[in-house]
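**Student:** Sequence:
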Amino acid sequence: MYPRRYTPDVATPRLSDLENEAWQGFLYAHDRIWREIEAGIAPLGVSMTEYSVLALLGRAGRSGMRMSELARDRLMSTGGFTRLADRLERRGLIERRRAAEDGRGYVAVLTPEGRNLLRKAWKQQHADVRRLFLDRLDDDDLRALTRIWSRLRPESDEERTDADGDRTGHR
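Each residue of the sequence shown is one higher than the one before, counting from 1 in full-length UniProt numbering.
Read the hints as simulated data drawn from the structure, not as lab findings. We treat Cβ as the ideally placed atom computed from N, Cα and C, and that holds for glycine. Hints may be right or wrong, so weigh each one.
[Unchecked claim] Restraint ranges, calculated between C-beta atoms of paired labels, are given here:
#1 G25 with S63: 33 to 43 Å
#2 H30 with D73: 17 to 27 Å
#3 D73 with K123: 16 to 26 Å
#4 D73 with R32: 19 to 29 Å
#5 E155 with P43: 11 to 21 Å
#6 L27 with T111: 33 to 43 Å
#7 R90 with P13: 18 to 28 Å
[Unchecked claim] Derived EDC-like pairs: lysine to aspartate or glutamate, alpha-carbon spacing no greater than 16 Å straight-line:
#8 K123 with D31
#9 K120 with E38
#10 K123 with E38
The task is simple: from the sequences and hints, build the whole structure.
**Tutor:** Here it is in structure tokens:
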């Protein structure tokens with residue numbers, strides 16, 4: 001079904017055939033969909049990483065988001081995120097302001113140019129997501145995936161560990 005991988009002649013822990021097919025399928029689908037979405041927004045001059053930050057800010061609205069929250073939500077170090085924010089700011093897509101509630105941190109907000117670019121990127125990305133992913137699944141598939149993704153969130157790890165720190169074996 002998916003590109004064959006060689007199996008090394010070394011005694012190592014192995015995945016079952018079902019586990020391997022599920023894992024390889026996820027990787028293959030992710031890589032293919034990611035690359036096609038990335039190619040779709042490339043003509044707009046925005047990378048997937050930049051797009052993901054613009055999209056988070058677009059959902060946050062005109063009040064923006066704290067820089068630390070953006071870094072956390074993007075799973076980036078604060079230093080790496082600061083460099084990314086510097087690039088977006090130099091391009092005129094975001095601006096940083098002192099946080100109104102405490103004045104210590106910074107909030108990033110989309111500029112009008114950033115909102116304009118995001119509208120175009122959203123239109124392209126949503127069309128690609130629909131074509132590559134959503135249109136191929138029915139509502140039962142989507143509900144199953146939603147349930148699966150929620151079980152894979154980091155916070156679900158805490159739910160699956162008992163008071164002694166042992167895994168509860170939730171499957």
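**Student:** For every hint, state whether the structure bears it out.
**Tutor:** Here's how the hints hold up against the structure:
no.: 1; hint: G25 with S63: 33 to 43 Å; in the structure: holds (40 Å)
no.: 2; hint: H30 with D73: 17 to 27 Å; in the structure: holds (19 Å)
no.: 3; hint: D73 with K123: 16 to 26 Å; in the structure: holds (22 Å)
no.: 4; hint: D73 with R32: 19 to 29 Å; in the structure: holds (24 Å)
no.: 5; hint: E155 with P43: 11 to 21 Å; in the structure: violated (37 Å)
no.: 6; hint: L27 with T111: 33 to 43 Å; in the structure: holds (36 Å)
no.: 7; hint: R90 with P13: 18 to 28 Å; in the structure: violated (47 Å)
no.: 8; hint: K123 with D31; in the structure: violated (21 Å)
no.: 9; hint: K120 with E38; in the structure: holds (13 Å)
no.: 10; hint: K123 with E38; in the structure: holds (13 Å)
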